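Engineer: The hints should help you fit chain B onto chain A, whose structure is shown.
Same order as they appear, the protein sequences are chains A and B. Sequential numbering of the first sequence, starting at 1, is according to our numbering. Sequential numbering of the second sequence, starting at 269, is according to our numbering.
Where hints are given, some of them may not hold.
In silico lysine-lysine, DSS-like type, Cα no more than 27 Å apart, as pairs [claimed, not checked]:
hint: 1; chain 1: B; residue 1: Lys521; chain 2: A; residue 2: Lys217
hint: 2; chain 1: B; residue 1: Lys521; chain 2: B; residue 2: Lys322
hint: 3; chain 1: B; residue 1: Lys521; chain 2: A; residue 2: Lys99
hint: 4; chain 1: B; residue 1: Lys276; chain 2: A; residue 2: Lys180
hint: 5; chain 1: B; residue 1: Lys449; chain 2: B; residue 2: Lys471
hint: 6; chain 1: A; residue 1: Lys99; chain 2: B; residue 2: Lys322
hint: 7; chain 1: A; residue 1: Lys180; chain 2: B; residue 2: Lys521
It is worth saying that the hints were derived from the structure and are not from the lab. All of these numbers come straight from a predicted model, not from anything done at the bench.
As a plain string of letters, each chain reads:
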Amino acid sequence: MHSIPGRRLIMGLFLIFLLLPIYWLVNMSFKTNSEIVSTMTLWPHNPTLQHYRRIFTDESWYSGYINSLEYVVLNTIISIAVALPAAYAFSRYRFLGDKHLFFWLLSNRMAPAAVYALPFFNLYSAIGLFDTPWAVALAHCIFNVPLAVWILEGFVSGVPREIDETAFLDGYSFPRFFIKILVPLIASGIGVSAFFCFMFSWVELLLARTLTSVHAKPIAAIMTRTVSAAGMDWGLLAAAGVLTIIPGALVIWFVRNYIARGFALGRV
Amino acid sequence: MDKTVNQKAWFLVLPVFLVVAFSAVLPLMTVVNYSMQDTFGNNQFFWNGVGWFKELLDPSTDLGGRFLASLGRNLLFSLVILAIEVPLGIVVALSMPREGWTVAACLVILALPLLIPWNVVGTIWQIFGRPDIGLLGYVLNAMGFDYNYVSNDVDAWFTVIVMDVWHWTSLVALLCYAGLKSIPEAYYQAAQIDGASRWAVFKAIQLPKMNRVLLIAVLLRFMDSFMIYTEPFVVTGGGPGNSTTFVSIELVKIALGQFDLGKAAALSLVYNLIILIVCWIFYTVMTNAGVERKVQAESEPAAEPKPAAALKPVPALEPREGVA
Numbered sequence: 001m002h003s004i005p006g007r008r009l010i011m012g013l014f015l016i017f018l019l020l021p022i023y024w025l026v027n028m029s030f031k032t033n034s035e036i037v038s039t040m041t042l043w044p045h046n047p048t049l050q051h052y053r054r055i056f057t058d059e060s061w062y063s064g065y066i067n068s069l070e071y072v073v074l075n076t077i078i079s080i081a082v083a084l085p086a087a088y089a090f091s092r093y094r095f096l097g098d099k100h101l102f103f104w105l106l107s108n109r110m111a112p113a114a115v116y117a118l119p120f121f122n123l124y125s126a127i128g129l130f131d132t133p134w135a136v137a138l139a140h141c142i143f144n145v146p147l148a149v150w151i152l153e154g155f156v157s158g159v160p161r162e163i164d165e166t167a168f169l170d171g172y173s174f175p176r177f178f179i180k181i182l183v184p185l186i187a188s189g190i191g192v193s194a195f196f197c198f199m200f201s202w203v204e205l206l207l208a209r210t211l212t213s214v215h216a217k218p219i220a221a222i223m224t225r226t227v228s229a230a231g232m233d234w235g236l237l238a239a240a241g242v243l244t245i246i247p248g249a250l251v252i253w254f255v256r257n258y259i260a261r262g263f264a265l266g267r268v
Numbered sequence: 269m270d271k272t273v274n275q276k277a278w279f280l281v282l283p284v285f286l287v288v289a290f291s292a293v294l295p296l297m298t299v300v301n302y303s304m305q306d307t308f309g310n311n312q313f314f315w316n317g318v319g320w321f322k323e324l325l326d327p328s329t330d331l332g333g334r335f336l337a338s339l340g341r342n343l344l345f346s347l348v349i350l351a352i353e354v355p356l357g358i359v360v361a362l363s364m365p366r367e368g369w370t371v372a373a374c375l376v377i378l379a380l381p382l383l384i385p386w387n388v389v390g391t392i393w394q395i396f397g398r399p400d401i402g403l404l405g406y407v408l409n410a411m412g413f414d415y416n417y418v419s420n421d422v423d424a425w426f427t428v429i430v431m432d433v434w435h436w437t438s439l440v441a442l443l444c445y446a447g448l449k450s451i452p453e454a455y456y457q458a459a460q461i462d463g464a465s466r467w468a469v470f471k472a473i474q475l476p477k478m479n480r481v482l483l484i485a486v487l488l489r490f491m492d493s494f495m496i497y498t499e500p501f502v503v504t505g506g507g508p509g510n511s512t513t514f515v516s517i518e519l520v521k522i523a524l525g526q527f528d529l530g531k532a533a534a535l536s537l538v539y540n541l542i543i544l545i546v547c548w549i550f551y552t553v554m555t556n557a558g559v560e561r562k563v564q565a566e567s568e569p570a571a572e573p574k575p576a577a578a579l580k581p582v583p584a585l586e587p588r589e590g591v592a
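Isolated chain A, as found in the complex (with noise of 0.2 Å):
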């Protein structure tokens, strides 16, 4: 009753749809170059690892992820440590321009990157923080606070009042009530939300590009030299590209089993 007649050849075909251009980009990381450019081979006639090794070995390489990962892992941090006591108090109490302020929050989750590229050039060059992770993950605040509002708030809202009641009768502190009580309730919703600012932080290139030059340039933007006088490096771009589906593969795994009910922000 549930689904709908030849589910399993319909669930098939996207699922080949969506693995296809991965499986030919995990193809081309293992070809050589001659072999990508000279002839067009289903699976890699010669398997080689030279450019995951050079990936690997070269500095200017591997620190690229490192940066990523660091404005990535930083803003994650941040975004939920503000996040969850706004999600507590959107949850449970009316206040002076409450409203108004949930949607200026949410506004800024849609506002467009490119709008925000220069003034932030200016903003941070200006303070000091330009080319550090700190940048980036305070630039990418700007969406993933506003998320993470957004999903705990529904979290928070599962969790019967009645608790916090008791809990304050019990003679519960209101910091000592949150950390004892509210955040291990909810935590498959602190789990979710770091998922999606984790997502969401490591997929965005434009203000993590802009933001940086030398120190703490991101994978994304060190893949982009790859073009060179001698032309593309397509061997080498592929396995960049590979590892970068690694962490995002890695942390799926993890929350497979909130998938769902994150994607509905904790709301259906």
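Structural biologist: Coordinates of chain B only, in the frame set by chain A:
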């Protein structure tokens, strides 16, 4: 449940307010400031009033022509991908396996494209579509199509649209799946007892229940496709010619390419305003839908989606809301 009025809640919201205000209000003020001025380099600025805005909305000028053309392209793009992704997403969500390890496997594979950095998405399709080294381009050319996204407008559009469908249909599908999962089993049993057809079940039970998540999906997809930048930029660079230059690409060209701060700022503001209006409509519709749901649930708890009077759940089977 009524919320208590408590102005001290502002202290809890303050950190969020400060962080977002730092990242949003300060830059926005810079943009407003720039939008009224003209620059000839050397950090010399001249007052220009609303000149840029006038030019922006007048298609006969260079700036206005470019802006309105890219806006049109962007709207067309958003409509096309919505028309493909929403029905496809629903079909995929309905095709999800019911239980077992395949559910987790499908979820993981579905979510995979969402977590690939956007420029890598572009790279993947740039490679995949090339006639010389990419599978898609090679196969299409072998089949007799003269496919080349670098030189042909239609092919470039085709590539960008297929890429977006590849990238984001999963989001719609996962949202719909979450909506479907929240339908209590009793509804299906009731429908079975009534002998409802597959289509009737979809129309009377599943679609109304997916209403809310579908709304989220449509609006998220509209917003995100309306500000798309990285993926088409990597694949086509906005070309051939200007055929895939969307608003964000045009904006970055003016701002960071030509350093024409005044024009870029004015464009940013108008662009932002459009997004803000759509966002406001979204927010109003969402909150109203929430209120309606609540009212309905309070007055008549058991019969929320009213497919037919006979389709009420069997009393013995309490509807289980919120499947974990």
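Engineer: Checking one constraint from the list: CA of Lys521 of chain B to CA of Lys217 of chain A, max 27 Å. Satisfied?
Structural biologist: holds (21 Å)
Engineer: Is Lys449 of chain B close enough to Lys471 of chain B, meaning Cα to Cα at most 27 Å?
Structural biologist: Holds - the C-alpha atoms of Lys471 of chain B and Lys449 of chain B are around 16 Å apart, at most 27 Å.
Engineer: Is Lys99 of chain A close enough to Lys322 of chain B, meaning Cα to Cα at most 27 Å?
Structural biologist: violated (34 Å)
Engineer: Would the pair Lys521 of chain B and Lys99 of chain A pass a check requiring their Cα atoms to be no farther apart than 27 Å?
Structural biologist: violated (36 Å)
Engineer: With the threshold set at 27 Å, check whether the alpha-carbon distance from Lys521 of chain B to Lys322 of chain B stays at or below it.
Structural biologist: holds (20 Å)
Engineer: For Lys276 of chain B and Lys180 of chain A, compute the direct alpha-carbon distance and say whether it is at most 27 Å.
Structural biologist: Holds: Lys276 of chain B and Lys180 of chain A sit about 21 Å apart, inside 27 Å.
Engineer: Compare the distance between the alpha carbons of Lys180 of chain A and Lys521 of chain B with 27 Å, and conclude whether the hinted pair is satisfied.
Structural biologist: violated (51 Å)
Checked against the numbered hints given earlier, the structure breaks hints 3, 6 and 7 and satisfies all the rest.
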